[in-house]
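Peer 1: Chain by chain, the residues:
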Amino acid sequence: MPKKVETIVLHDSSTPVLGDIQKGGNIVVTSLDTLLNQARANSLWPLTFGLACCAIEMMSTAASRFDLARFGSEAFRATPRQADVMIIAGRLSKKMAPVLRQIYDQMPEPKWVISMGACASSGGVYNNYAIVQGADQVVPVDVYVPGCPPSPDALIYAVIKLQEKIKKRKFNKIIEINARTLESDKPQEVHA
Amino acid sequence: MSVSLFRDVVKPIATGFGITLKRLSHKKETVFYPEQRREQYPRTRWRHFLTRYESGLERCIGCSLCAGACPARCINVVAAENTDEKRFSPGERYAERYEINMIRCIFCGYCQDACPTGAIVLRKNFELADYKRESFVYTKEMLLESYPGEADAPWVGEYEEVK
Chain A
1 MPKKVETIVL HDSSTPVLGD IQKGGNIVVT SLDTLLNQAR ANSLWPLTFG
51 LACCAIEMMS TAASRFDLAR FGSEAFRATP RQADVMIIAG RLSKKMAPVL
101 RQIYDQMPEP KWVISMGACA SSGGVYNNYA IVQGADQVVP VDVYVPGCPP
151 SPDALIYAVI KLQEKIKKRK FNKIIEINAR TLESDKPQEV HA
Chain B
193 MSVSLFRDVV KPIATGFGIT LKRLSHKKET VFYPEQRREQ YPRTRWRHFL
243 TRYESGLERC IGCSLCAGAC PARCINVVAA ENTDEKRFSP GERYAERYEI
293 NMIRCIFCGY CQDACPTGAI VLRKNFELAD YKRESFVYTK EMLLESYPGE
343 ADAPWVGEYE EVK
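Sequences listed follow chains A and B, in order. Taking the numbering used here, I'd label the letters of the first sequence as residues 1 to 192. Taking the numbering used here, I'd label the letters of the second sequence as residues 193 to 355.
Source of the hints: derived by calculation from the structure; they are not laboratory data. By construction, the Cβ of each residue, glycine as well, lies at the ideal position given by its N, Cα and C atoms. Among the hints, a few may not be true.
Unchecked claim - Cross-link-like lysine-lysine pairs, in silico, DSSO-like; alpha carbons within 30 Å at most:
1. B/Lys324 x A/Lys161
2. B/Lys219 x B/Lys324
3. B/Lys332 x A/Lys165
4. A/Lys167 x B/Lys316
Stated by the list, open to error - Chain B residues, not near chain A, derived (Cβ > 12 Å throughout):
5. Lys203
6. Leu213
7. Gly248
8. Cys255
9. Ala264
Okay, chain B solo, but in the shape it has when bound (with noise of 0.2 Å):
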């Protein structure tokens, strides 16, 4: 009777929690994401930024390239003329409007390969959500970069980065 109680029911409970006393010396998997957070790989393909020359100039010359490539349709670029007084691009011309719907984009990165002068670039900010569809349309207000090299510069968060 005892020896059947031990086979039985003790020896299986006990090997059940060794595996339980076991794993809690192992490292915790989880990534406590709203205050670490979890190291993106360098390819990562999320928000897009327009990016800008070291003097200034942006680098979009309104080619409409990535508009062609982007197998959701979800860029639109109107292109207009630059001129000696107003000059925003070294080329002949340069995106008077360039919008992304960020809700179509599926983050293929067609766009970043299509681009002749690296003007288009996708990067590690993966927090987009938001409450309302129209706030998904980014202006080239909202992808421009504010300073040459700012989509290049690390993302600034509160967070800790974890392997």
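Next up, chain A with everything else stripped away, as it sits in the complex (with noise of 0.2 Å):
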């Protein structure tokens, strides 16, 4: 049975509207969702994900110089349980990627995913057999970042543009957490 699209796509902004179900619930909880919306826009846990050398600019992002804790996202966390952004630091080879992906699919919802750098993005200068050419392929990514590597203040602007769409989500989207539970979604036994 074919898999619905929505479950694909499941939380990038340029998710089309789904069905009558999300567009409904608006006005009583439009304080809620501005309420939600800040408390997760301003404590955007990072998930330590560095692979190559962007985890040094990352690193250096949390230092006291640019001081990513003006934003909450001071607590990198090592643990994908405690994270709700993971932040693809360096080039992502085609080894690392299921493991990428399982991580990511630990991480709890609402969660998010910055491609960090050339590498990340798009493969970069990596354009080989061993590369994956850009970090979407494996997950959805919300904001890519530029630059080999993006400097810290790149970053920050990519925390803050990250923040910006986060304080747009709308809360019927959480909504389609429940779209995952139709019936072709469960996960199915496997025998071996």
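Using the hints, build the complex out of the two chains.
Peer 2: Here you go:
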């Protein structure tokens, strides 16, 4: 049975309006909407996912000169269970791609992805057999940051862009979590 | 008892917080980025510009040397002939299309070095992050400066620059 489209592009901003079920409910919960979005946008805990040299700039972003803590993102988590945003910092090799996907799946909803640098976003100079040509082939990416590597300022700019995006989210998007529990998407038992 | 209490507990704590006290008077290192902006170095390489001559003609002659020098193969140049009615650049040809895939570009500046007319330059605007992959293909309209000398003009923003 073919999978429904809404489960694939789960929380990207380019997701089209899905159905009538998500159109209602905006009058009652607008304030809650704003509150939730403010809380989410201003406590983005990144997942430590340094893959290459971009990770050095990512660490520098969290250090005192640039101080990512000013945006509530100082707590770099080593476990995906406590992280909100995954910063893919560095080139993503094809061996690493399943690991990245698994870690992304382990993050709790709502979750976002920043693709940091040319290599993570598109492969960069590494147009070869070993590197995934863009991390968006593996996970849905919300913000792309060009640069090789992007300076900490550029990464902070991306975090600000992501915060703007989160603040524009509508509450009815939360219903899309329910869209996952469609019959066809329930995990099926595999007999070895 | 009291001597060892002083030596083992009070003195180390006082020493430790003494360092904290000393650091309080130091200059703060943090650059408050969205409000302030770090001063970029003179040869910083970020956003590309296609420059013009003082007369308003484009410098780019569509020779594709930048595309050849690019290690990431992210530049696409399509050249066309100038005519006397429609003249874009002083030479025989001009770039009909000039596209840079900014997400694949590694900002090495080889295109700037290779350019015989100094048409493509890299300047200091690093605020390039965006949501969509498609929006990173910068076309000629986006890269070409609207008036001669726009690329060298100070980067306008509501920020103050700090050292």
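Peer 1: Determine for every hint whether it applies to the structure shown.
Peer 2: Cross-check of the supplied hints:
no.: 1; hint: B/Lys324 x A/Lys161; result: 12 Å, holds
no.: 2; hint: B/Lys219 x B/Lys324; result: 40 Å, violated
no.: 3; hint: B/Lys332 x A/Lys165; result: 28 Å, holds
no.: 4; hint: A/Lys167 x B/Lys316; result: 29 Å, holds
no.: 5; hint: Lys203; result: 28 Å, holds
no.: 6; hint: Leu213; result: 18 Å, holds
no.: 7; hint: Gly248; result: 29 Å, holds
no.: 8; hint: Cys255; result: 22 Å, holds
no.: 9; hint: Ala264; result: 5 Å, violated
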